[in-house]
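Q: Listed below are the residues making up each chain.
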Amino acid sequence: MSTVLRTDPPATTAPATPRSSALRRPLLLVAGAGALVLCAALSLALGSRSIPLSTVADALTGAAHGGDADVVTGLRVPRTVIGLAVGAALGVAGAVAQGVTRNPLASPVTLGVNAGASLAVVAAIYALDLGRPVQYVWFAFAGAAVAAVAAYAMSRRGGDLDPVRLALGGTVLTVVLTSWTSALMLASHRTLDEARFWLAGSIGGRQLDTLTPVLPFLALGLLGAFAISPALNALALGDEAAQSLGVPVARIRLAGGLAVVLLAGSAVAVAGPVAFIGLAAPHLVRPLFGNDHRWLLPGCLIAGPLLLLAADVLGRLVVRPSEIEVGIVTAFLGAPLLAVLARKVAR
Amino acid sequence: MTALAVPVGTLTRRRARTAAWSALAAALLVVLTAVALGTGQVSLSGWDALRALVGQGDPGNVLVVQQFRAPRVVSALIAGAALAMAGSMLQRLFRNPLASPDTIGVTGGASFGAVLMLATGASQQLIPLAALGGGLLAALLLGGLAWRSKMAVTRLVLVGLAVQQGLAAAVNLMIVRFPAELAASAMQWTTGSLYGRNWTEVWIGGTAIALTALAVLLCQRRVAVLDLGDDSAGGLGLNPGRDRLRLLLLGITLASLAAALTGPVAFVALAVPHLVRLLAGPPTLGTLGLTALTGAVLLLSADLLVLHVIPVHGLPVGAVTATLGAPWLLALMIRQGRPPQRST
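Top line first, the protein sequences correspond to chains Z and B. For what it's worth, the numbering used here labels the leading residue of the first sequence as 1, then goes sequentially. For what it's worth, the numbering used here labels the leading residue of the second sequence as 1, then goes sequentially.
Treat the hints as calculated values from the structure; they're not laboratory data. A couple of the hints might just be wrong.
Stated by the list, open to error - Counterexamples of contact, computed for chain B against chain Z with all Cβ distances above 12 angstroms:
1) G108
2) Q124
3) G160
4) M187
Said to hold, decoys possible - Examples of chain Z residues toward chain B, derived with CB under 10 angstroms:
5) W180
6) I324
7) E325
Unchecked claim - Anything over 10 angstroms on all C-beta distances counts as not near chain Z; from chain B, calculated:
8) V31
9) V35
10) V42
11) A169
12) E181
13) T200
14) G235
15) H274
16) G286
17) H313
18) A322
Ideal Cβ positions, reconstructed from N, Cα and C, are used throughout, including at glycine.
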């Protein structure tokens with residue numbers, strides 16, 4: 001975070017212009033990817049039992065067997081892969097949501113995605129006696145989609161989305177769905193006991209079969225997001241300017257909204273409601289890459305998983321041998337980050 | 001907020017409309033109070049219930065109404081009114097239609113205080129105090145973090161969100177770590193409920209809320225000047241930063257007191273100001289009264305439904321307020337066909 005503070009004054013005086021060569025942003029991307037690889041390696045090696053990196057490498061190539069190797073291949077590889085996928089989905093979804101609504105406070109949460117998924121999962125636990133994250137996937141995805149469609153339906157005006165109504169409608173929807181979720185949990189203590197861990201948001205205790213069902217949606221969402229990234233730049237100039245540049249504003253907003261739902265719905269289906277990655281990743285990337293969405297999106301594609309994996313590793317280390325769910329760690333880390341962002345916005 | 005530019009005829013019409021809605025809300029309030037006091041295992045007619053409240057009629061009825069039913073009804077009324085007024089105040093000070101105790105940290109702070117108290121296993125009576133302390137802690141964090149920017153509005157919104165998220169994460173951590181039984185009571189508290197209120201709590205909470213609400217009413221002129229924007233407010237002799245901090249403290253205190261009495265009931269503070277704005281136009285002193293009345297009516301009717309109509313044990317009153325209020329608000333939003341609030 002100290003680097004963010006240091007780049008602060010130049011970023012505010014010349015917000016969008018990259019300073020020196022055309023090489024800067026590709027280099028930054030490579031550096032980010034390197035940091036991500038490092039983080040993934042740490043995620044494989046650290047936890048309630050620390051495993052040397054050489055053993056990790058042996059386990060991955062199949063050269064080593066036994067306790068440590070089983071931990072790596074059986075538990076930590078799925079966890080790390082899920083972390084990468086969820087982080088990427090949330091990071092890109094956040095950038096698109098902020099671009100589409102032109103609101104720096106927007107995130108997938110604003111659309112009621114997390115609240116819808118939570119209600120669907122809690123209802124499923126209550127009514128169907130489910131107990132494992134892999135069984136929740138479709139309920140969460142469906143709940144997220146229905147909530148987002150409802151939020152869109154409320155904010156439609158003359159065939160286009162009204163950003164202010166989207167924010168207010170989404171917030172009201174979130175409050176209603178959240179209160180129903182708590183009502184269900186209070187009605188049955190068994191449901192409360194099962195659901196509270198899922199509701200905290202975690203990437204642990206899952207196998208890859210939790211991720212595979214949503215992978216097609218995730219890929220589709222990423223494709224859609226990258227396809228509209230040039231149009232998002234035009235959208236940032238305002239609706240009328242974008243229109244006069246020949247950008248079909250309403251259609252772009254719809255496509256962007258769809259991409260956000262696919263990405264955030266997949267993420268919440270796999271990991272439960274994880275806050276803040278979607279909000280924070282674009283804000284962290286913007287000072288480095290500028291406001292060009294063609295660079296912002298790849299930046300978020302790396303920054304999202306980087307944040308998520310770092311938070312997850314941190315959550316495993318602070319209370320060893322127990323662990324803190326990644327959703328709680330991101331919320332804790334996100335709060336001061338948001339306060340720092342506020343300092344910049346207010347200038 | 002553009003009241004100065006509005007022709008006089010519109011103003012008179014608005015005033016008449018506000019008065020009509022207020023009269024309707026007040027009548028509804030009396031009817032609902034009578035029904036709430038008269039319904040239960042011992043059934044009374046509304047008139048008998050109101051008589052029993054002032055100590056007349058059958059001594060058994062007087063006991064039931066005064067000792068068992070009235071504290072709950074009165075706390076619903078004052079908490080609903082306080083939440084609605086606080087929400088209206090916060091939305092104007094933050095110049096943001098989404099500002100409410102849930103988005104600026106009061107809910108997180110109050111829940112944090114109360115759940116921490118539950119975790120230490122201290123006496124139940126201390127929980128309201130802890131909730132109040134938590135709410136004020138949130139105010140302190142908010143003021144401390146935003147003070148250097150002279151309480152600029154954009155900064156306040158973000159800092160409020162940060163405070164809320166941080167405190168909510170702490171609450172969440174405790175709920176996940178608690179044993180199942182304790183997690184359930186923590187959950188119960190954080191969704192708000194009116195069970196087991198007694199006169200001591202109602203008197204203390206009610207007096208504090210009444211005093212704070214009076215201060216809010218007296219400060220309305222200042223809020224209206226701040227609505228004009230920081231530059232104009234400065235030109236009119238206000239110190240925008242300092243005055244916003246003071247008013248904000250008032251609003252947060254009001255919301256925290258309500259949270260201490262009933263727990264952080266969702267939705268009232270967010271939605272009632274919008275409802276009133278859609279019904280009666282931009283905020284004035286008169287609509288503030290209507291806001292308080294509407295909040296009280298909403299919370300009391302939700303509590304009536306929880307107690308006597310919906311046969312689910314332990315249903316949080318916040319769930320019913322949201323379910324009752326949301327369709328109403330959305331219908332008004334759709335009819336309006338434009339965003340209900342762009343204050344500045």
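Q: State for each hint whether it applies.
A: Now for the hints, and whether the structure bears them out:
{"no.": "1", "hint": "G108", "result": "10 angstroms, violated"}
{"no.": "2", "hint": "Q124", "result": "18 angstroms, holds"}
{"no.": "3", "hint": "G160", "result": "9 angstroms, violated"}
{"no.": "4", "hint": "M187", "result": "6 angstroms, violated"}
{"no.": "5", "hint": "W180", "result": "6 angstroms, holds"}
{"no.": "6", "hint": "I324", "result": "7 angstroms, holds"}
{"no.": "7", "hint": "E325", "result": "7 angstroms, holds"}
{"no.": "8", "hint": "V31", "result": "26 angstroms, holds"}
{"no.": "9", "hint": "V35", "result": "23 angstroms, holds"}
{"no.": "10", "hint": "V42", "result": "27 angstroms, holds"}
{"no.": "11", "hint": "A169", "result": "3 angstroms, violated"}
{"no.": "12", "hint": "E181", "result": "8 angstroms, violated"}
{"no.": "13", "hint": "T200", "result": "26 angstroms, holds"}
{"no.": "14", "hint": "G235", "result": "21 angstroms, holds"}
{"no.": "15", "hint": "H274", "result": "8 angstroms, violated"}
{"no.": "16", "hint": "G286", "result": "24 angstroms, holds"}
{"no.": "17", "hint": "H313", "result": "7 angstroms, violated"}
{"no.": "18", "hint": "A322", "result": "4 angstroms, violated"}
Taken one by one, the earlier hints fail for this structure at numbers 1, 3, 4, 11, 12, 15, 17, 18, listed in ascending order.
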